[in-house]
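**Student:** Let's have the full structure, built from the sequences with the hints guiding it.
The primary structure of each chain is shown beneath.
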Amino acid sequence: MMNKYKKITLDGIIFNNPTFILVLGTCPTLGLISSALSALEMGLAVIVVLTLSNMIISALRKLIPNEVRIPCYIVVIATLVTLIRMVLDKLLPSVYEALGGFLALIVVNCIILGRAEAFANKHTVAESAVDGLANGAGFTIALTVMGVICEFLGKGSLFGLKIMEFSIGLFGTPAGSFIVFGLSICAFTAIIDKFLRAKRVKANRLARENLLGAAQGSVPAEKEVKA
Amino acid sequence: MATFIALVLSAVLTNNFITVQTLGICPFLGVSKKTSSALGMGVAVTVVMTLAAAVTWPIYEYVMVPLNFAFLEIIVFIFIIASLVQMLEMVIRKISPSLYKAMGVYLPLITTNCAVLGVCELVIDKSAMVGLLGGAALNFGWAVLYSLFAGLGFTLIMVIMSGMREKLNNTKVAKYLNGFPISMVTAAFICMAFMVFTYIG
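Chains A and B, in that order, are what the protein sequence lines are. When the letters of the first sequence are read in order and numbered with the numbering used here, they come out as residues 24 to 250. When the letters of the second sequence are read in order and numbered with the numbering used here, they come out as residues 4 to 204.
Keep in mind the hints are simulated off the structure, nothing from the lab. Treat the hints with care, since some could be wrong.
As the list claims (entries may be wrong) - Straight-line alpha carbon distances no greater than 27 Å define the calculated BS3-like cross-link-like pairs of lysine-lysine that follow:
hint : chain 1 : residue 1 : chain 2 : residue 2
1    : B       : K178      : A       : K225
2    : B       : K129      : A       : K217
3    : B       : K129      : B       : K37
4    : A       : K113      : B       : K129
5    : A       : K222      : B       : K104
6    : B       : K178      : A       : K217
7    : A       : K29       : A       : K222
8    : A       : K217      : A       : K27
**Tutor:** In structure tokens, the structure reads:
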């Protein structure tokens, strides 16, 4: 039972990371990673919208007719985005200003429609909520990491605090965002690939030792399998 | 005339949707492998952007603002765009089956293209439009013209990108750099080239 939620979480954050592995929702990513703070704020807004939309769509999945499901999903998502926009406008005007047009464009962010179509319409409310949180967290972590890199190189600051007196103007523009995004995808896939390969090698070694142990009739091999 | 030149330069070069505003990146990376398909997608997006702005601008200005439900703009706009794309698909299938065959695959994708919703949100934003074009440009005609040229700017970048990617197909790229990463680094060079135009202003 717990194992299932762990798998959903790990898939959302690492193995199916929406930004680095699936490369979805690229427009807000490229538009906002020149500042770490706005990248983090965008991530948090997406976590809220994605979790709520996943839960609502999962709760309504038996009521929504299959033929008109996409328009129904879009209504749910657009309503949530309108709500979060009104809340931010009233309570946190600085965040509303910083995200600008990209706040409204959460509606057409493919991550949210993608999770509704691929996950929420087949799973229970609790599972969909965990999936929404995990994918949102994966998106937020990716954006914040790239935001930190871009802001440090572009302005010499982190989350608006000046650290060093240097700046490479390129990293404050979309061109720098493209370079950081591309190289981050490259690094992330390389690390994941190395990790999976190491895991596979270890599993093969254990299986071989187990076979050898079974052939010799010795007990310790079974212990290792349990561990 | 001066406003018109400012509009063309702004929409196509200095405030290009892809290289400066980073909107519509999904089709830019997804459909730019071949020049013919990139051109098809660019034209389809331009048509939908112009039509969407031409429909949403009057509805926002003359219906939603007077009746005080301007806060529902996102829901109304996304519905207008989705039905517009659906209608366009039916009309094209009826009038010209060959065009439908060429354009058909790209049309449904356009509903979730942020460039279309982005241009509708941009042309109703008075302060942004004054900043881009000056105070003389606040009516229906300029809004539609701006969307048309923004779409043409989008098409221009799509075609440039597809040309570079066709060349890229013939070269050997490092294993993890293949695919999206190398496309993004290529796109970065196009952005850098287009940064030159920001000095026009």
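**Student:** Now look at each hint and say whether the structure bears it out.
**Tutor:** Structure-based check of each hint:
With a CA separation close to 24 Å, the supplied pair K178 (chain B) and K225 (chain A) stays within the 27 Å bound. At most 27 Å may separate the alpha-carbon atoms for a hinted pair to count; K129 (chain B) and K217 (chain A) exceed this at roughly 51 Å. Taking the CA atoms of K129 (chain B) and K37 (chain B), the gap is near 38 Å; set against the 27 Å cutoff, the hint is violated. Between K113 (chain A) and K129 (chain B), the direct Cα distance comes to roughly 20 Å. Compliance with the 27 Å bound is thereby established for this hinted pair.
Restraint check for K222 (chain A) and K104 (chain B): the C-alpha separation of about 47 Å exceeds 27 Å, so the hint is violated. Taken as a hint, the K178 (chain B) and K217 (chain A) pair is honoured in the structure, with Cα atoms around 13 Å apart against an allowance of 27 Å. As the CA atoms of K29 (chain A) and K222 (chain A) are separated by approximately 18 Å, the hinted pair is consistent with the 27 Å bound. For the proposed pair K217 (chain A) and K27 (chain A), the alpha carbon gap of about 24 Å is at most 27 Å, so the pair holds.
The structure fails hints 2, 3 and 5 (numbered hints given earlier, in ascending order).
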